[in-house]
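Here the sequence shown is numbered in this note's numbering, starting from 166 and rising by one per residue.
Among these hints, one or two may not hold up.
Said to hold, decoys possible - So the derived label-pair ranges between C-beta atoms look like this:
(1) L419 <-> H586: 40 to 46 Å
(2) C370 <-> L301: 22 to 28 Å
(3) S196 <-> K409: 42 to 48 Å
(4) F305 <-> L178: 24 to 30 Å
(5) I300 <-> H586: 42 to 48 Å
(6) V469 <-> I421: 47 to 53 Å
Hints in this document: simulated from the structure, not taken from any laboratory. Since the model is a prediction, treat every value here as computed from it, not as a measurement. Glycine included, each C-beta is placed from N, C-alpha and C at the ideal position.
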Amino acid sequence: MSDNKINRIIAELIIILLAINYMAVEIILKSNFVLSCLRDILLASLLILTVRKIKVTISKPFYCVIIFMILAALALYYTNSLATGIIAIRRYYFPILFLFCISNIDIDNNNHYIICFMVKLLALLSAWGIFQADILGDSFLRKIGYPLVYSYAYGRDMLYNSFYFGNLGIQRVVSTFSSSNIYGLCSGIVLIASIILYEYINIKCKNILIILILAGYILSFSRSNFLALLVIFLVYLRKYIPHKKIVYFSITVLIIALIIWGIIQGNSGVLYKISTWIVNTFAGRESSSAARSGIWKDAFMESVKHPLGLGYGHVGALANSDLATSQVYSSENSYLTIALDMGWLGTFLYIFFLASLVKILIRYSIMFNNKSDYYGNRLCVCGYTILIYLSIVMLFSNHIQDMETICFAYLFAGIALQYIHTHNIKPINLID
Numbered sequence: 166m167s168d169n170k171i172n173r174i175i176a177e178l179i180i181i182l183l184a185i186n187y188m189a190v191e192i193i194l195k196s197n198f199v200l201s202c203l204r205d206i207l208l209a210s211l212l213i214l215t216v217r218k219i220k221v222t223i224s225k226p227f228y229c230v231i232i233f234m235i236l237a238a239l240a241l242y243y244t245n246s247l248a249t250g251i252i253a254i255r256r257y258y259f260p261i262l263f264l265f266c267i268s269n270i271d272i273d274n275n276n277h278y279i280i281c282f283m284v285k286l287l288a289l290l291s292a293w294g295i296f297q298a299d300i301l302g303d304s305f306l307r308k309i310g311y312p313l314v315y316s317y318a319y320g321r322d323m324l325y326n327s328f329y330f331g332n333l334g335i336q337r338v339v340s341t342f343s344s345s346n347i348y349g350l351c352s353g354i355v356l357i358a359s360i361i362l363y364e365y366i367n368i369k370c371k372n373i374l375i376i377l378i379l380a381g382y383i384l385s386f387s388r389s390n391f392l393a394l395l396v397i398f399l400v401y402l403r404k405y406i407p408h409k410k411i412v413y414f415s416i417t418v419l420i421i422a423l424i425i426w427g428i429i430q431g432n433s434g435v436l437y438k439i440s441t442w443i444v445n446t447f448a449g450r451e452s453s454s455a456a457r458s459g460i461w462k463d464a465f466m467e468s469v470k471h472p473l474g475l476g477y478g479h480v481g482a483l484a485n486s487d488l489a490t491s492q493v494y495s496s497e498n499s500y501l502t503i504a505l506d507m508g509w510l511g512t513f514l515y516i517f518f519l520a521s522l523v524k525i526l527i528r529y530s531i532m533f534n535n536k537s538d539y540y541g542n543r544l545c546v547c548g549y550t551i552l553i554y555l556s557i558v559m560l561f562s563n564h565i566q567d568m569e570t571i572c573f574a575y576l577f578a579g580i581a582l583q584y585i586h587t588h589n590i591k592p593i594n595l596i597d
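Given these sequences and hints, build the entire structure.
If you want it as structure tokens, here you go:
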């Protein structure tokens with residue numbers, strides 16, 4: 166077996182385990198320790214294979230990554246619970262190391278296999294998510310052990326709010342992930358890649374697979390993802406839409422059909438309730454969106470009081486497992502989460518890191534285009550578009566704590582960086 170194939174198999178296994186970990190490992194297998202560590206073992210193997218074959222050179226922006234990782238380690242000192250600290254720092258380190266590996270190893274010839282694999286995987290996960298949400302319903306998730314909380318809106322024990330669309334009793338598509346927003350971000354990343362790299366995806370029924378991903382993405386009802394995708398579509402994505410006339414005609418017909426259906430249903434129909442929910446969201450009257458500004462304010466004010474951070478265990482889902490602290494903040498913003506964990510310097514370094522990646526990919530996309538290397542151009546466009554999409558969505562959620570979402574984005578950025586390494590005008594390492 167060739168080294169390229171081994172690298173690709175390990176990378177694919179890491180992605181699969183990240184995608185199915187919550188449902189398969191945490192819920193069904195009750196957080197089996199060995200399987201929980203399997204992702205780390207695979208990443209360590211990939212890291213060893215990577216450093217054996219490359220000569221590492223450190224560029225100036227890469228120093229920011231090193232300092233960021235040092236700050237992440239120092240934040241352990243302020244953390245009340247060592248276990249929580251280890252979990253938190255792992256969620257920071259894992260995606261960065263994954264990006265380092267992907268950007269420095271040759272996964273396969275022109276990366277076609279891994280890209281096609283991602284489309285197939287997300288189509289499968291989307292199909293399962295739609296079937297589970299609309300056919301099996303939340304009773305299936307209850308039976309296999311998903312956690313319940315008392316909902317005052319429904320007056321009984323329900324799954325977490327992220328599993329439902331407003332208070333309409335409609336389950337959102339979550340697939341195997343722990344929330345609809347995480348699934349929405351992962352499927353959105355692959356959807357963007359599918360559109361930009363459409364002509365290079367050589368698999369059977371690819372249109373059906375992409376439609377499946379799109380359907381699951383829409384049924385996630387993730388507003389932060391919808392907003393980010395709208396921005397990306399208006400600025401970058403429009404020019405890459407394949408079969409534009411057919412796509413736009415189909416969208417027009419679908420909108421007209423939905424309007425007619427909504428008129429027939431009247432005020433008691435689902436479409437009317439959805440439209441009301443959308444209006445209330447933009448007007449700031451919907452409970453989740455209305456509360457977010459207060460959540461941001463609380464997190465920001467606390468980060469101002471502690472510019473060096475509070476240590477781990479104070480933000481989001483990780484705070485729920487640390488009962489020793491009374492300073493708990495929802496945050497709902499990845500940049501504020503970093504500030505609360507390790508201070509504003511950490512936030513600045515992380516933003517600079519992402520901005521450096523985007524700048525490099527934009528520069529090389531232009532260079533590849535000028536050389537008539539249109540595949541290299543598309544890979545770079547895909548990489549920086551996904552990073553910008555991720556950056557926007559992180560404004561509205563603690564996705565920095567979700568390894569799967571960051572790794573999905575870094576996979577495509579890493580593929581572009583690796584292509585630059587091997588087809589390049591000027592060699593770079595990770596970021597230039």
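Q) When the hints from earlier in the document are held up against this structure, which numbers fail? A) none
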